[in-house]
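J.: Using the sequences and the hints, build the whole thing.
Chains as they are written, first to last, in my numbering: chain A, 1 to 197; chain B, 1 to 323; chain C, 1 to 345.
Misleading hints may appear alongside valid ones.
Said to hold, decoys possible - With a straight-line Cα cutoff of 30 Å, these simulated DSBU-like cross-link-like pairs (lysine-lysine) come out:
hint: 1; chain 1: A; residue 1: K112; chain 2: A; residue 2: K72
hint: 2; chain 1: A; residue 1: K9; chain 2: C; residue 2: K274
hint: 3; chain 1: A; residue 1: K72; chain 2: B; residue 2: K236
hint: 4; chain 1: C; residue 1: K108; chain 2: A; residue 2: K32
hint: 5; chain 1: C; residue 1: K274; chain 2: C; residue 2: K172
hint: 6; chain 1: A; residue 1: K72; chain 2: A; residue 2: K106
hint: 7; chain 1: B; residue 1: K236; chain 2: A; residue 2: K106
hint: 8; chain 1: A; residue 1: K112; chain 2: B; residue 2: K236
Rather than coming from a laboratory, the hints here were simulated on the basis of the structure.
Keep in mind it's a predicted model, so treat the numbers as computed, not measured.
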Amino acid sequence: MSETSTRRKFIDTSCRVLGFAALGGAATLLTKRASAQAVYQVDPLKCISCDLCRTSCVLSLSAVKAVNEFSKCGYCMLCPAYMDVTSQPDERGVPSGRVCPQDAMKRRVVGKEDLDDPNNNYYEYVIDEARCTGCGKCVKACKPPAGNGSLRLEIRYNRCVTCNECSIQIACPEAAIVRVPTPGMSPVETHGGPPHA
Amino acid sequence: MSLRPFKTSTVPRFAGPANSVSGSSGAGLTPVGLRPASLELTQPPRGLPLRYTPSATLAARGSVSEFRRSLSGVAVGPGNTVYALGDDEVRAFDANGGVVRSWKVRENAACLAVGRDGRVYAGSSGRIDIYDAAGKALGGFAAGQQGRPADVSAVKVFRESILVADAAARVIRRFDSGGTERGLIGDRNKTGSFMLPNKSLDLDVDAAGVVYATDTGRHQVTSWTQDGAMVSAFGKFGMGRPEDFVGCCNPVNLAVAPDGSVVTAEKMVARVKVYGPDRALLAVIGPEHFDGACTHIHLAVDSNGRIIAADPVRRTITIFGRS
Amino acid sequence: MPNPPAGPPSCGGRASRPLWPLLLLAVAFASSALLAQYQKKPPDFGGIYAFPTPTHPEPRAAIERGLDVAMLAAGLGLAAYLILRRRSREGVVLLSMGAIAYFGFYRKGCTCPIGSIQNVTLSLVDPRYLISLGVIAFFFLPLVAALLFGRVFCGGVCPLGAVQDLVLLRPKTVPEKLERYLRWLPYVYLVVAVWFAGWGLPIATGASKVLVARRFLICEWDPFIGLFRLSGSFHMLAIGAGFILVGMFYGRPYCRWLCPYGALLSILSRVAWKPVSITPDRETYCGQCADACPFGAIRDFSADRATCVACARCYECCPREIVRLRREGIPAKRYVAGADARGAS
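T.: If you want it as structure tokens, here you go:
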């Protein structure tokens, strides 16, 4: 009886020690490879504004938003991303149709406003993120040659829940969602491999 | 928007990349996601008094003289020699399309001009470099304000003055031949001067010294005296009529013909238009000749009135003659 | 995949640098060629306008991720204490509710140790895959706890288990014949999940032109993450509802018959140092504990370490425990195990 129990205890103990050793070894190996946290971001050069960012995000209001790079923006009155330049012009000759289906693009005049001739005004364009669904229509319209290409789609980290596997990345037809490291722990000079090869 | 079957243009097509400009899909004509309001913009409008057809191609793709990386400017020198700026070089072409001379210029040179004496002026950020007719460097001068070098998007010569378009300060600077700045053209109050959402200002000078400049934000071609007084302005935004300038920031380039006609180039619907001295629209060189992704079409006019258009996406130069 | 440019050497290691300059740098490098003809100077409005810098919200700071690991470690320690020392079912219930609140609704169920199997697999297979220390800790801490104290992670900390545990009404027993096969499912799922995370099968999905080979199946079929995020596709919410429904009658269906991490834990807890156990010399052979256990983990008056998820229900029914607690002056209610056995309190 005691022999069985001591043998049993010996087996138990040795398995436990083996278990600790295996876990310890695996943990050491992985810690050597450990790097910063990785987050997902849109590569603006590959993005084709296909509207899948709006529908594929696990959140009901997608974490992908349009962002205006003000230093590249032309501040045009006739912004092709704000207004549909092919739509019917109003009485002052300004096209009346809007590109954004959620009316999330807002603009205001910069500097002294010329009330008689809107052509003399520069406008600052901002995106209302509470309304933006990430559909990318404005981004597509701003691409050269029509615009300056200052608008791009970006994953906003105050909304993104940083899933282990980004469902937008799975859906993206151009593989434009990349996994990038957040510097801060041990920056590693590798690129973040997505779950798929 | 009514759908009409697109008619094949009767203008002969070039050898060269035939895929991007094709009427049927319209893919090469307009940027992704936007369509012009009417197909009149993509078809050559009927009833215009003049027609231009391509008569020659320089630096064709696949030829010995092709430009591999960039094509950023074109100008006409004495004897109707065509000079082109690309691949960090200036090349002079003869009538048969062969390269007569070529020499290296500063990296990222953005524009060029040729004077009556054959001197070549190349503009890059904050600087104008001058070369003689054989390509020897003659020095140059700095352009721009203290701490803010000029964003030189165009340069032209008129007699003793060198006119430099500064897209950063949104003004045209006039220099004398020694490189001293003599005056400014277009310097109205800050928001009143040239509106350049596409960050580029093109200019040309006619035989009388009147300076023509593109005001892309206002969709106008403006003209000025050498002292900076405005003479006139014509043009407006419109997607419907061929006379109007389409899209966000047009016209992107211009050139003045010896008879006083103004030749303009537009983006989004890549086309070249000719306006007569009375500013009536005379001709449209349609989008089938240019790549739809062009953000500029560099222009020059020789003494016979032929239009030299450089397509920076395809990196070819096409010469159009009146037919 | 574009290589982002190497970041500058970190100063002092843990100083957190904002992410967006790295990405904008990459974008600027690449796009400067594309937009070479645009001199990128914005219009000069003559000093009347200050250019706004676009805001870039930061991702979760390192200190918050450290907090997650600390909470996990604290939860495991607390669970071990409550189950093995205090033997308090109430304590375990409270701890589970806290786990649902923090790891479930606050952290939205991600990252979790169950999913970390995939990250660890992928990192072992592909050394270039980025894995953070936090995820490594999430994988190993519950396993170490299992080697020490058994499946205390399942009992007190795992939010998925806690959800099922709290909805358990009238536990029924699954027939033994079925149970024998169901018990193997977690191992099968583990192998399949590891295969898909590390190697995968090229399957064209939807609009994607890229043949996605590697998939994180555990994440895609997580039953309760739709509940925690309060949003999700129909199939995920349906699976969650299904598990909750089944979980009302058959205790912890996901934990017992699917959870791949549970498979790992059950392997390790077989050789645990001080797990839930029934001391033979104080045994009264009344069988209350066996009736109380909804998972069938008590067989022949001994706890099956592999199946026991350390829910502490057996303690609240054991007459010896009642006696012990009463003797210590803690008023203990008497529960009759069997037909009236309830999951929560």
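J.: So if I understand the rule, the pair passes when the alpha-carbon distance is 30 Å or less; does K236 of chain B with K106 of chain A pass?
T.: holds (25 Å)
J.: With a cut-off of 30 Å on the C-alpha distance, tell me whether K108 of chain C and K32 of chain A pass.
T.: holds (28 Å)
J.: Take the C-alpha atoms of K72 of chain A and K236 of chain B, compute the straight-line distance between them, and say whether it is at most 30 Å.
T.: holds (24 Å)
J.: Take the C-alpha atoms of K274 of chain C and K172 of chain C, compute the straight-line distance between them, and say whether it is at most 30 Å.
T.: OK: K274 of chain C and K172 of chain C at ~29 Å, within 30 Å.
J.: Under the criterion that the straight-line Cα-Cα distance not exceed 30 Å, is the pair K9 of chain A, K274 of chain C satisfied?
T.: At roughly 12 Å apart (the allowed maximum being 30 Å), K274 of chain C and K9 of chain A satisfy the hint.
J.: Starting from K112 of chain A, check that the Cα of K72 of chain A is at most 30 Å away, please.
T.: Cα-Cα ~21 Å, so holds.
J.: CA of K112 of chain A to CA of K236 of chain B, is that 30 Å or under?
T.: Status holds; Cα separation ~22 Å.
J.: Given the hint that K72 of chain A pairs with K106 of chain A, test it: the Cα-Cα distance must not exceed 30 Å.
T.: Holds. K72 of chain A to K106 of chain A sits at ~17 Å (cutoff 30 Å).
When each numbered hint is compared with the structure, no violation occurs for any of them.
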